[in-house]
Every structure is written in C-alpha cells, then in structure tokens.
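For the record, the sequence lines run as chains A and B. Those letters in the first sequence? Residues 1 to 291, by our numbering. Those letters in the second sequence? Residues 1 to 383, by our numbering.
Pair by pair, the computed Cβ-Cβ distance ranges are:
#1 B/S40 <-> A/P184: 56 to 64 Å
#2 B/G186 <-> A/L82: 39 to 47 Å
#3 A/R85 <-> B/P363: 28 to 36 Å
#4 B/G296 <-> A/I63: 46 to 54 Å
#5 A/I269 <-> B/R210: 29 to 37 Å
#6 B/G149 <-> A/I269: 15 to 23 Å
#7 B/K309 <-> A/W62: 50 to 58 Å
Because the hints were derived from the structure by calculation, they are not lab data. On a predicted model such as this, the values are computed, not experimentally measured, just so you know. Quick reminder that beta carbons are idealized off the backbone N, C-alpha and C, glycines included.
Here is how the chains run, residue by residue.
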Amino acid sequence: MLDFVQQLVSGIALGCVYGLIALGFVLVYKATEVVNFAQGDLMMLGGFFAFTFIGMLGLNYWIGFAGAVAAMALFGMLAERLVVRPILGYPQFSIIMATIGLGYFLRSVAGMIWGTDDLKIDTPFSQGVVRVGSLVLAYDKLSVIAATIILCTLLYLFFNKTMLGTAIRASSENMLAAYYMGIPVKRVVSIVWAISAAVAACAGVLLAPITFIHSNVGLVLGLKAFPAAVLGGFGSIPGAVVGGVLIGVIESMAGFYLPEGWKDVAPYIVLLAVLLLKPEGLFGLHIRKKV
Amino acid sequence: MRFLFKTDYEDDIRLFPHSGYVISYGVLFALLLIAPYALSSYLMSQLVFVCIYATVGVGLLILTGFTGQASLGHAAFLAVGAYTAAYLQQFNVPFPLYFLAAGLLTGLIGALVGFPALRLQGIYLVIATISFAFIVEEILARWESVTHGNEGMRVKMLYLFGSAVPRDSPAFYFLCLAVLVLTIVGALNLLRSPTGRAFVAIRDSETAARSMGINVSLYKVKSFAISAAITGFAGCLFAHKLSFISPEMFTLQLSIEFIIVILIGGTLSLHGAVLGAIFIVMIDPFLTYLKDDMPGVIAAISTTFGISKERAAHIQDNIAAFASLNGLKGAIYGVIIIVFVLFEPLGLYGRWLKIKLFFQLFPLYKRATFKRQKIYVKSERNR
Chain A
1 MLDFVQQLVS GIALGCVYGL IALGFVLVYK ATEVVNFAQG DLMMLGGFFA FTFIGMLGLN
61 YWIGFAGAVA AMALFGMLAE RLVVRPILGY PQFSIIMATI GLGYFLRSVA GMIWGTDDLK
121 IDTPFSQGVV RVGSLVLAYD KLSVIAATII LCTLLYLFFN KTMLGTAIRA SSENMLAAYY
181 MGIPVKRVVS IVWAISAAVA ACAGVLLAPI TFIHSNVGLV LGLKAFPAAV LGGFGSIPGA
241 VVGGVLIGVI ESMAGFYLPE GWKDVAPYIV LLAVLLLKPE GLFGLHIRKK V
Chain B
1 MRFLFKTDYE DDIRLFPHSG YVISYGVLFA LLLIAPYALS SYLMSQLVFV CIYATVGVGL
61 LILTGFTGQA SLGHAAFLAV GAYTAAYLQQ FNVPFPLYFL AAGLLTGLIG ALVGFPALRL
121 QGIYLVIATI SFAFIVEEIL ARWESVTHGN EGMRVKMLYL FGSAVPRDSP AFYFLCLAVL
181 VLTIVGALNL LRSPTGRAFV AIRDSETAAR SMGINVSLYK VKSFAISAAI TGFAGCLFAH
241 KLSFISPEMF TLQLSIEFII VILIGGTLSL HGAVLGAIFI VMIDPFLTYL KDDMPGVIAA
301 ISTTFGISKE RAAHIQDNIA AFASLNGLKG AIYGVIIIVF VLFEPLGLYG RWLKIKLFFQ
361 LFPLYKRATF KRQKIYVKSE RNR
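Whenever a hint applies, use it, and build me the whole structure from the sequences.
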C-alpha cells in the first residue's frame, strides 16, 4: 500500500511537469488553433536563460527566475511575429510544420551556444524532503506541484474573469467576428504567445533541478506533454493539468507494476484508447459540424 | 506556349499530355541509366537513398498530399517493412517473396491503423500516428525473439534470381530505381482512376465527398493501406541498403524527415516526392562540402577582391569553425522548413511551375496567379 501511495505521489509530481508544458500547448491552441510543436523547446530555452542569469551571472534565484520568464515572454512574441503571424489563417498542417522547424532550430542553436552537457541550477528547492508518516516527498517535486496549481488557477481566472481573457476566447472562436467587435486580433495572438512562452519558462526553471537542462530536454518532455494535452481535450486549461497528472500516474504505475518497457508506451496506449472512445479528449467540447 | 486541345476525358487523364513530356522524361531516364558509370561511388550510394526516400515520399504523398490525412508515423511503416524482410530472410525465403510480404504486411498494418484514424482529424490524427510509431518502436526493441531487440538485426546480401546483388553495386541501384519508377507509375495510374479522384475529393471536402456518394471510411482506409504498403516496399530496400537495422533508426526524427521530403518537394504532384528526396539526401554531401572546400573557396574569392592574406585566412578559419559546429544540420533543417512554409508553400515543384509559367507567358506573368487565399480562422472545434 505504501508503495502504491509513493508511486501515486511521484506520478502526480511527474504529471504536473507534463501538465505545466501541456498548459502552454493549450494556451496557444485555445487562442489561435495553432498547435505549437516547439513548446517543449521554449521550455528548454527558458531553462537555459535561467541558467545564464543564475549560474553564469550569479543573480539571486528569484530575480533570475523573473528575468528568464520575462525574456521568454519577449522571445515568444518574437517567434510569433516572425514565424506564426505570416501564416496565420493557412491550413493547420503548415503551421505545425513551421513550429516543428522552429523546434529544430532552437534545439540546435541552444546546443551550439550552451554546449551539450547537462547543466544544473542551484535552487532553494534542490535539497530537502518532507516526511509525512513514512512517505517521502522531495521539495523540488512539491515546488512543481505547487507551481502548477498556482499557474493553473491564475490562468483560469485570467481567461474567465478578465477583459483580455474574454477577448482571447472570442478571437479563438471566430477571428473575423472578434475583429469586427473591435478586438485587436493580432495583438491578442502575440500576447498569447508571450504568455505561453512565459509558462514554458516557468516549467523550464522548475524542472531544472529534476531533469537538468540540456538541449534535448524539450523534445523528450514535449512529446510526453502532448498526450497530456490531447487527453485533456486540447482546449481546456484544467483538462491539460488533469491529462498531465493522468499520464504521469499511468507512467509511474506502469513502471512499477508492469514489466520493463511498458513505462514508456503505456501513456501512448492509453492515449490511443481514449482517442478511439472519445475523439475530442476527456474534456473536449463536441459541437456538430455545420456545412 | 503550347495549347492542348482536349476533346474527351481520355485526353485529360493521359500520362504524357504531349510529346515534350516523352522526350524530357526519356532523357532523364537515360541519364539515370548511365549514372552508375559516370558518378562516384559515394554519390551513387546517395542516389540509392534518393530512390528509397522518394518511394516513401510517393507513399506519403498519396496519404497526406492527396487524401489529406497527416501522418507522422511513417518511420514505423518503414520499420515494419524492413523487419519483415530481415526476419523472413533468415529462413532463406527468396527476395521477390519477402519483398512482397514486406509490402503486404505493412499494408495490412496500415489498414489497421486506418480504422481508428477514421474518427480522428487534424491534430488528433497527428498525435495518434505519433503514438502508433512510438508503440511500434518499443515493440521492436522488446520483442527479442523476432527482432533481436536493441542489438538490431544483420541483413544478409540480396540474392535475385540466383545471383548476388551487393548493396553498393549498380544492380542494386537499378533495383531501387525500378521500384521507384514502378511506384510512381502505379501511383499515377491510381490517382487518375476513380479511387484517386475519391482521395482528392476527400482531401478537399469530406462532407462534399460523402454527399457525392463516396464511401469516405473505405477510401481513407484504402489510402492508409496503399501508403503503408509502398513504405513497406521501401523499407525492404532500406534494410538491404543499410545491411543492419535496429529500432533506434526508426524514430520520430525519420518520420519528420519524410514529411520534410514532401513539404519541400511540394504536395501538388508526385514530382514533389522526388525533388524533396533529392534535397533531403543531398544535405549531407552539401554539409561535407561546406566543411571541406567552402572556406578555401571563399578565402580565394576574398583575396581576388583585394582583401589582405591574413584577413582571408581569418575568414577561412571562421567559416571552417562555423561549418563544423555541432548540430548545424538541425539548424539548417529548421531554417529550411520555416523558409519553405513561409515563402514557398508549394515546394520546389511549385517553384518550378512558377519559373516555367514565367517563361511561357514572358512579359505577362503576374505573381497573383499563385497567390494563396488567406482565410480568417474559424474554430476547428466547431467543425
């Protein structure tokens, strides 16, 4: 039983990691119907920025964290301006390809600048554990869980309670109609990219003590976060986190109870099964198509 | 400019619309036939890879370009074909037989993937094919009694009609070329048949296709099966060319490369698959060239323009250092993809069409002929 609970908790922590990255996917998708395959790489870049600020310039952890998030927000706007805006409104497949290209580019450029070694940041969460009974919880994992909850709540409130959030939702439903209503659609899209890159940077910094930072971390984790976003129904912020937690728990349970090799494929098997039964994901909306 | 006067449907679907086609393709074919006796062995080996990639590209074009179903799982189909060939070869099955088996089995698996794909669209289909590819990769790594797991499998030399065909011989090149040509001719014939028309109709509008009486599910599954089968045939040749296969060769990276092939080549027509394959395969020799010769050439040019010796040497060193940077290939891939998506969505073949039209209409060419129509996004969730 204790094993089970321990696996469950570490699965949830892992799942929150996926959830954090999936949040970025969902944000961009929700606003522009663009699937950003470079989301994981934005996360990786956020980690590297934080490493530059904290590890190389020797800034305080929190200042470095804020700096990395701000830098990534700017970078997100830049990427949107250069790569996504010119093709906004063209078939989705071209945009997917463009973001895959962006991912390739970021990965190899990051490898050229920061090298291919695993980098590490000293954080206030790096050491130390909390013991609850005989359960052992590490600070770094708890920090990820806490950050996920905070970010998710903030984003949920932002989307549902603020003017800008409503504008974003409106332009995702129908860009032309939103434009007629006086919403500056282009600026909205660029803000969304900034937010999603900032979320990715948060994920990158928080993951730094757990996974370390190297140029391929984004690809590996991004591909795991993808099923999480799909499982949650791609358009739903709570869905992304729930999907992430599900994937994380499935992965850690499969790693513990099933023979070797199941750990890596179990999330995908579950994903395929869910897609077969509910093609819109667990939290997806299904609206009949009008011709 | 030549104006074709078409009087019936047969004229419209002819493989060679006029004699110019026969001549230009005839010349191309003749050049390909003498290629092994004119090119270096390294370039020949690259040419074989061009043939294999182009075959996969044709398969992927049928599915993605003409039926409109995106797939990022074609590396898995290639793997199934390659492993089928390698496995059957152990039991001394003759080449034609296991070649066919590789195609058939992969086609069957393609159809099995096609059934669940019926319910999925757009991004969900992409994810499902990625998941499928991951699962296949893991099965290949774990099913050790058949695939030898991560140790990989050795592929023995190819024997065709009792004579050995080494993987770097001209005969092997001719075999790959024959497979490619047959695939292209077959695909062309398929695409001008009712089946091919149905594929295109599904791509353009599923609802419209259904209301015209096309059995959308059936044709989607067919498209998956045909595309997978072609990839399976290519997989068999791929295994022979590499003479060693292991699961980590068939990753998502390879699937993305295949997508790049058709993206760069252009999804308008089958020409795209071949042009894209040439482009992708030739990136490697190009990078080597960049690394070895380019710095010297540029330094020589800069000295002729009156730049001092030391400065030229400095430039040479800088360029050499840049060209041998780790991961330059990835960056180049990324930039190429983005540039093509942004500026040339019709691909190399589209560029060729534009150049051709420019000369045909000489002073009257206008850019707007190929302008893409921009649409304001309406939520796909409401579709």
